[in-house]
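Novice: Residues per chain are reported as follows:
2 protein chains.
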Amino acid sequence: MLILTACAQPSSPKVAAASTSEAVVATSVLPSWQDTAAKKSIVDFVARVTQAGSPDYVPPAERIAVFDNDGTLWLEQPAYVQLVFTLQRIHELAPQHPEWKTEEPFRSVLAGDMKGVAATGETGVAKLLAATHTGMSTSDFRATVHDWMSKAQDPRFKRSYTQLVYQPMLEVLQYMRANGFKTYIVSGGGVEFIRDYSERVYGVPPEHVIGSTAKYKYSFVGGVPTLTRLAQIDNVDDGPGKPASIEHVIGRRPIAAFGNSDGDIQMLEWTTAGPGARLGVIVHHTDAEREYAYDRTSKMGKLDKGLDEAPAKGWVVVDMKQDWKTVFPNATQ
Amino acid sequence: MLILTACAQPSSPKVAAASTSEAVVATSVLPSWQDTAAKKSIVDFVARVTQAGSPDYVPPAERIAVFDNDGTLWLEQPAYVQLVFTLQRIHELAPQHPEWKTEEPFRSVLAGDMKGVAATGETGVAKLLAATHTGMSTSDFRATVHDWMSKAQDPRFKRSYTQLVYQPMLEVLQYMRANGFKTYIVSGGGVEFIRDYSERVYGVPPEHVIGSTAKYKYSFVGGVPTLTRLAQIDNVDDGPGKPASIEHVIGRRPIAAFGNSDGDIQMLEWTTAGPGARLGVIVHHTDAEREYAYDRTSKMGKLDKGLDEAPAKGWVVVDMKQDWKTVFPNATQ
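Note that the protein sequences, when read in sequence, are chains H and F.
The opening residue of the first sequence carries number -14 in this note's numbering; numbering runs sequentially from there.
The opening residue of the second sequence carries number -14 in this note's numbering; numbering runs sequentially from there.
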């Protein structure tokens, strides 16, 4: 791992120095990656765009890399973490809502009947999100998420969710920042949910997290300026929404994109269709033993079209089982 | 001016070193500012939050400063620059739209009848914006703005609009970045319009520009992934929309805010209501000779409630005539 700071400055001599020594350090970077084609593609790309004088050289200001979150940076099986949060919050809030005993989709959630929840469709999901994510101030919601995240544990791995991030991807984030990249998360998940831990776990500050958002209402509550979360969707940052969010928030086209599902295809297309050297990476979940194996028919993180299109588009498909030495931080394998 | 880089890193020794020498360099910073209370308030605030060991110390990662654009960083009289662009584009596009000769508000624009335009109200403005800002790809719109900006000239000052930015505010932007701040523009104007020149003129990169946005449609046009600007508003970044945008995009509450009109009040409230040292600044246009004098009843940049509330809120009111030695870059006075 290079020990450069993540300070992205045009013509920074430190960054230039790093790039010219790229080939030398290549064997020591990304230590949790096997020395396979996937790792080589990432390291070669970084070398090409950081090498001063290279025809593919990209100034640090334009080195933007975007990363999906669920299934790309942390686990998303057997359910998105934010969905786990939502369902657990329904249970926690139930005593204050006796009407939920008979009202769908709450009745099904409380009865543990996930088929019943699924039968309520998008309307049901919207009701669950409204009940758990809206009607409070942004700071109260943030505190609720923080409290939950610090206590919640995944039943299979017996770890907090923030320990179920992918060690090889943490290394990619750090490696790219060390080479002058700005690393952005571009997720279909709620932006505040990710911001709770993104800085300390990923090294990605709040202002580099793009996600789905609720509309806010600004008003004085008890004499204090307050942003209240409304039960109205502001932005759905998934599928075609990802390039749109990137353009709205960043205003530059990324040169590297990492995803894992068909919801990331448009982000990869948008990123890799630009001129010059481009990197598109799909994390393919192939490791049922260390994590999960899923793709074409998965309910969460479905990867079907992306697998078909990757070869023609030149996207790198990372085979977790083959390409990663380890999956989670401090794991025994 | 300090010669520090704008690299904001927690516990950066360079930033710490700068902050401890703040008092020494105070007389040489902000050279276009008179040595009046306004300048002192800005410099004192920066010294307090950057002084290691100070009770008001703020880590660089949390040093966020937000700036309105029209009337705060560049001129907004006799009309917002983006409105000038819009009206001129109607003239340029008119030959392709013979129907505009009889259709309002186009007829009034082409006849130079601004009262007629005003009479069409918000619906009329929406039609003008739709005709000039939507229906094309983001890259085509960007090229149109860039072309216009490179040619357009203000009739009174005989300068391009990007030369009608405020030299004292350029110094504030640079001064704050030199002290580890991230400087964001938070404008009611269209985000792409500002991004055209923000980096080269203000030193503010595209990803630090927040503004009003149109919805985008993602699709393949001629086989190329394209974002098309739709005639639907995505976000109105003015008034109460400013704190909402700040929370959506930055996800941290700023500690310093600069505005000039009542549309900035909520941003100043939100910023200065947080704990610890806070800075709220209102640029008051008092200089009819060097620029314009306007406030309580102005159609553009109305400053009424803000003037009333500033003393109780502790906001600094900058009197352009008294507090600025010069207004525009390379001006004779």
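Treat the hints with care, since some could be wrong.
As the list makes no split between identical chains, a pair holds if one copy fits it or if it spans any two.
Said to hold, decoys possible - List of simulated lysine-lysine pairs, BS3-like, C-alpha gap at most 27 Å: (1) Lys143 <-> Lys298; (2) Lys25 <-> Lys112; (3) Lys25 <-> Lys298; (4) Lys86 <-> Lys143; (5) Lys112 <-> Lys284; (6) Lys112 <-> Lys200; (7) Lys200 <-> Lys100; (8) Lys290 <-> Lys136.
To be clear, the hints were calculated from the coordinates, so they are not data collected in a lab.
Remember, it's a predicted structure, so these values are computed and weren't measured experimentally.
Novice: Decide, hint by hint, whether the structure agrees.
Specialist: Tested hints:
1. Lys143 <-> Lys298: Answer is neither: 38 Å inside a copy and 50 Å across each miss the 27 Å cutoff.
2. Lys25 <-> Lys112: neither (46 Å within a copy, 52 Å between copies)
3. Lys25 <-> Lys298: So Lys25 and Lys298 pass the 27 Å test inside one copy only (18 Å; across, 57 Å).
4. Lys86 <-> Lys143: neither (30 Å within a copy, 71 Å between copies)
5. Lys112 <-> Lys284: Within one copy, since 20 Å is at most 27 Å while 43 Å is not.
6. Lys112 <-> Lys200: Close inside one copy (16 Å) and across copies (25 Å); limit 27 Å.
7. Lys200 <-> Lys100: Classified as neither: same-chain Cα gap 30 Å, cross-chain 35 Å, threshold 27 Å.
8. Lys290 <-> Lys136: For Lys290 and Lys136, the Cα distance exceeds 27 Å both inside one copy (37 Å) and across copies (46 Å).
In terms of the numbered hints stated before, the structure departs from hints 1, 2, 4, 7 and 8, listed from lowest to highest.
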